[in-house]
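Visitor: Residues per chain are reported as follows:
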Amino acid sequence: MTTRTSGRTRRASPSEPEPEFVQLLTPEGERIDHPDYPLEVSAEQARSLYRDLVLVRRIDAEGTALQRQGELGLWASLLGQEAAQIGSGRAMRETDFAFPTYREHGVAWCRGVDPVNLLGMFRGVNNGGWDPREKNFNLYTIVIGSQTLHAVGYAMGVQRDGADEGVIAYFGDGASSQGDVNEAFVFAASYNAPVVFFCQNNQWAISEPTERQSRVPLYRRAQGFGFPGLRVDGNDVFACLAVTRAALDYTRNGNGPMLIEAFTYRMGAHTTSDDPTRYRANDELELWRARDPILRLRRYMDHGGLADEEFYATVDKESDELAARIRAACLAMPDPDPLSMFEYVYTGPHHQVAAERAALADYLGGFADAEHAEVAR
Amino acid sequence: MTTRTSGRTRRASPSEPEPEFVQLLTPEGERIDHPDYPLEVSAEQARSLYRDLVLVRRIDAEGTALQRQGELGLWASLLGQEAAQIGSGRAMRETDFAFPTYREHGVAWCRGVDPVNLLGMFRGVNNGGWDPREKNFNLYTIVIGSQTLHAVGYAMGVQRDGADEGVIAYFGDGASSQGDVNEAFVFAASYNAPVVFFCQNNQWAISEPTERQSRVPLYRRAQGFGFPGLRVDGNDVFACLAVTRAALDYTRNGNGPMLIEAFTYRMGAHTTSDDPTRYRANDELELWRARDPILRLRRYMDHGGLADEEFYATVDKESDELAARIRAACLAMPDPDPLSMFEYVYTGPHHQVAAERAALADYLGGFADAEHAEVAR
Amino acid sequence: MSAARDDSARTAPVTLAKALNLGLRRAMEDDSKVVLMGEDIGRLGGVFRVTDGLQKDFGEARVIDTPLAESGVIGTAVGLALRGYRPVCEIQFDGFVFPAFDQITTQVAKLYARSLGKVRMPMVIRIPYGGGIGAVEHHSESPEALFAHTAGLRIVTPSNPVDGYWMIQQAIASDDPVIFFEPKRRYWEKAPLDASDDAEPRPLDRAAVVRPGTDLTLAAYGPMVRTCLDAAKAADEEGRSIEVVDLRTISPLDVDTVAESVNRTGRLVVVHEAPVFFGLGAELAAQVTDRCFYRLEAPVGRVGGFHTPYPPSRMEEVYLPDLDRVLDAVDRAFEH
Amino acid sequence: MSAARDDSARTAPVTLAKALNLGLRRAMEDDSKVVLMGEDIGRLGGVFRVTDGLQKDFGEARVIDTPLAESGVIGTAVGLALRGYRPVCEIQFDGFVFPAFDQITTQVAKLYARSLGKVRMPMVIRIPYGGGIGAVEHHSESPEALFAHTAGLRIVTPSNPVDGYWMIQQAIASDDPVIFFEPKRRYWEKAPLDASDDAEPRPLDRAAVVRPGTDLTLAAYGPMVRTCLDAAKAADEEGRSIEVVDLRTISPLDVDTVAESVNRTGRLVVVHEAPVFFGLGAELAAQVTDRCFYRLEAPVGRVGGFHTPYPPSRMEEVYLPDLDRVLDAVDRAFEH
Ligand SMILES: Cc1ncc(C[n+]2csc(CCOP(=O)(O)OP(=O)(O)O)c2C)c(N)n1
Ligand SMILES: Cc1ncc(C[n+]2csc(CCOP(=O)(O)OP(=O)(O)O)c2C)c(N)n1
Ligand SMILES: [Mg+2]
Ligand SMILES: [Mg+2]
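Protein chains in written order, with this note's numbering: chain A, 1 to 377; chain B, 1001 to 1377; chain C, 2001 to 2336; chain D, 3001 to 3336.
The shape of chain A in the complex, shown without the other chains (with noise of 0.2 Å):
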């Protein structure tokens, strides 16, 4: 296990040699300080954090098991990934811009995009069910590695606005190896964008291990293009926000990108879809899960007794009644009209999409008159 130094070099794992990153909590709970990334950490801000990461580990499990019920298609677990999310969300100022993967729901939470609000695409009902720009918070993306471009564009943007607004793009390992990735790297040095990289390496792209992307630690793929990168312990709350704060800071003041790796784990599965078990090993996830995020903070905090029993079960209860909120809106989610998909082709009047939407309508008008007139009789 790790032990406390008040350098800046921490390995990943004892037996496996990892290069460096940042750490400013250790698994045991132990506060190491690091010379380039200070924090303090108030007793109020520690809880705080610890509440975001317990509720969005509770959103996430309501996920899982509103997909286990069939009240989802699907669902992409962040479990284990709690503190990268938290980190780096919690680290983003108001007017700050996040363009999410399709498992940012703990980035969600800190932008203040309702949970429930998450959930629309996995049950089907919609592919995005928020105003991006409302809390600046773009739509979970699919395509693997698409929305980095756009969040460069959207730095290219605050840039020509003069604006003091910094922009995260998130993506996963896997997703490095994609060209509009490395396409993004490319934009954003060539016009010095006010963008942060902020790649969570959970370690697998559904089947396959980060060693089948890359030889190198991620971290180090911005140094080819030119801007610096750096690797932060990805399960360490504090670390991820002060790293993410930090890159935020010096994008904003016109230093260009940053890539950060966190590095970090997939505790569960790709998605409800996928079967881990035939692809890695069990003790994997034991090592992990001695790094866990939350229990880490909680020991933390612990030793320090920066919070009392009543605090934890006020935290526990509120986790318990968020869950039932997800559950209750999500059972009580319409399905949308059908008709509904011809609503938002086009912004004004397309005459085909029209004459579509009529035929459909008078179709499905057929059936309703077909019932009517069954129960009629």
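Some clues are possibly wrong.
Claimed, not checked - Derived pair list, reagent style DSS-like, types lysine-lysine, alpha-carbon separation capped at 25 Å:
| id | chain 1 | residue 1 | chain 2 | residue 2 |
| --- | --- | --- | --- | --- |
| 1 | D | K3033 | D | K3056 |
| 2 | C | K2056 | C | K2118 |
| 3 | C | K2118 | B | K1135 |
| 4 | B | K1135 | C | K2033 |
| 5 | D | K3033 | A | K135 |
| 6 | A | K135 | D | K3118 |
No wet-lab data here; the hints were simulated from the structure.
Knowing the structure of chain A, use the given hints to seat chains B, C and D with the ligands on it.
Guide: Positioned in the frame of chain A, the structure of chains B, C and D with the ligands alone reads:
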């Protein structure tokens, strides 16, 4: 101007500091030793390299002339890049395989492809006039970056065959921005494929300077993908030869891919359709004229008395003859039979293609008949 | 010796997914140059398990898990083909083929022509396609028309396990690049498979009349063949005799078989999941109308997707042609 | 005040390239959110000089030379649009749009729907297209059908300078993404342009009857409109009165205008450079046949590219529809 040093540090330009590059022959024709790239060049080898440089420059000039005279629709000149192409081309073994862009006439020459065959696509009689497997030289590829992936796949085949063969993927500075090229880096690194990525940084992608593509020297891109990269003086045929030979050995020995950035200059227009006066200054041209790849070799040979007047006269004569042969062959190139466009769409019988071919033959036959009737009348 | 060649397996019912797996296995046994490439096709066996067990049996050099980059998959496959291999690439879902669209359209399709016949591209690109499985965005697309417009590609799609087994082997044996669309919602449907060596599969470029009829022709392919067979059966009860053509090949399109049918029935309805606008139905309607101008008693009907993005799954039942939509189009053809 | 608004320039003859340039300039003057992006569009003014002088006048922040990556161009334009900009992207040549196919098909086209109307994508993607200029491979493609199959995009193409001037401005003003195909071989053809503010351009989603006639309708767009007008003139001398419809918009397709014409003439021939197979002609033939079933005296004729890759330029004259090929199809329509 550069001065003689025994070390490896050579600056590309006296005014603006450039990163180190490997140089074995200064613009003044002085030989420098490099600890990592020892190279013995006999007088005969020097003459042979000189001959190649002069001949490909002449081939190129003839291409330009033929275009001016309307015999070609387009020509992409290699002027200024002769050393990069002859150096790397001559470094290859017969069994190695090259994947060119559309500008590698010098490499084609080294591979033994008849220059006449290069003209076909520029004249518009075909889209590629040679058998790639005959000389291990792929067809020209116009879609920027595509061929780098082909090269990696070919190298994966070499690995599977357990063959002692190397592969070179040529591409430009502009191409480095394409997703495909970066995916080629990913795949090559992931599979440790025996491929040398040879980037001719000729400072321009049509009207865009290399800085638009990258803010750091391009050879550094490789580091981010976990394999070595280096910059070589692309106007130094010795350095290009030595570095490419070493890189091919390195890859053939199972060490995985390597990136070479040949720092050179596109002395002419992008193609005959381009007007570089719209976007670049003349003094840049002057600067590079002083670094001419042929001039420096000539100076070196003159210093050392490596050739007599007769040799130079012979090379001049040979290049005149070559140009004349190319010209004659170009003019003699028949227009293709229009029906041949149906020939190589599918390898086997195809009813639709057959029907369209028959219909067109019939239609064209009608004109022939009409003309015939006209004449008979 | 593969399970499929085992005599006892001759007519065992297998799913389409399994039939494809058996066909791939047999092709790999028959030709050591056949290699499989794609995301998650190795240990996992692909998200639909079509390559299940193949990496275990043929090794990592022949069943290649690739980095997550579709252009990279197809682009490196081009190089492997140039080197004499016969790559069979899997695109995980229909909606993720687009990053590879450039390599397919400008390289794979054109290299044989570009090289004046010197270079062949014996490559298969397998794409699970279509909707009906309640999936999220990009997992239910039917992009076949986007490839059919490009010459140099062959595009085929089996509708059942037996065709799946043979067609995948024929596609691999073809020296032309083949885009092989697999109707994902039919992966789990079973049929008895005679995989013996003496079975004689239909040529890859031919459609099949899968149900004879006299009054109207339904032309469909892939997932919609079953739907049309069901519709034909229902129509039968109303006294209408409907012929069903399983197109099997989209490029080339076997218009001969359809026109021959229409010359008998006088009516044609084309059914596919893909959007109607610029879809296969348009091409087939244009060609059949040209050939059967005086025989057609009604304009060619087209049933397919609307001019909207594929909708969220809770709407897909309405979006996708079903028995009722097909019968509605049949009715309209008779009203003319 | 732009040159175009200058009174003296009211009816000066300008080339299509210049008209587009003037249209872009005016759009940039009218709305500071309009930004241009693409390879070599700045100092060079684009390889066809359509953006000539605009970087000089509007600066590098609004006329953006991009790295050499088409997916990057379109992908970052999506982000700029999300931020409130109206990006106008140039793809250098038709054959180089495919690296951006994924972004266009899965993002640009779908974001409005995905966001249930919350996010608009007011983006224009300009693509010089078509052959006839003696170019090398990939510089003469006509890929419009590959975009028309995808809902969410508008696809338009001007055939002349006047339309070019107005349509580019309408495209930029549209809140839907517009793929704007520019017939490159017509860039240098001139027409008088009335660029005054009181001119009333035709709506972007409507075709135009550009030559009235009574015996047959020729429908074409972009580069083929001129060819069809020439053919109509030649036919006139043979006593055949041919109506020519300039489709102008490919998606949506203005079938009303064509059907109205065919209801008068009874015959239709569709002409495009793009391959016939799965091309626009198929869709138009299917729809017009459906609407004018009892009025059509011959099947809809289709003239276009063959099922081959675009050939080397020394063969393109034969590949491309010309006056004779069009008249041949006209003859066949009358023989029926
Ligand atoms: C372009 C594209 N190809 C394939 C897929 C299918 N797919 C969905 S998630 C995934 C793995 C992604 O791995 P990673 O980027 O590491 O993110 P993670 O799921 O681990 O968070 C794949 C291959 C996709 N969504 N998009
Ligand atoms: C995908 C693609 N986009 C655009 C083009 C048009 N184009 C041809 S060459 C060129 C510049 C290439 O620059 P570079 O890679 O530096 O090679 P160079 O021409 O300088 O040798 C461009 C943009 C193309 N051929 N392919
Ligand atoms: Mg991952
Ligand atoms: Mg260049």
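Visitor: For every hint, state whether the structure bears it out.
Guide: Now for the hints, and whether the structure bears them out:
Restraint check: the Cα-Cα separation between K3033 of chain D and K3056 of chain D comes to about 17 Å, which is no more than 25 Å; the hinted pair holds. A threshold of 25 Å between alpha carbons decides the hint, and for K2056 of chain C with K2118 of chain C the separation of about 35 Å lies outside it, so the pair is violated. Restraint check for K2118 of chain C and K1135 of chain B: the C-alpha separation of about 13 Å stays at or below 25 Å, so the hint holds. For the given pair, K1135 of chain B sits about 23 Å from K2033 of chain C by alpha-carbon distance, which is consistent with the 25 Å threshold.
With a C-alpha separation of about 23 Å, the suggested pairing of K3033 of chain D with K135 of chain A holds against the 25 Å cut-off. With a CA separation close to 13 Å, the supplied pair K135 of chain A and K3118 of chain D stays within the 25 Å bound.
In terms of the numbered hints stated before, the structure departs from hint 2 and from no other.
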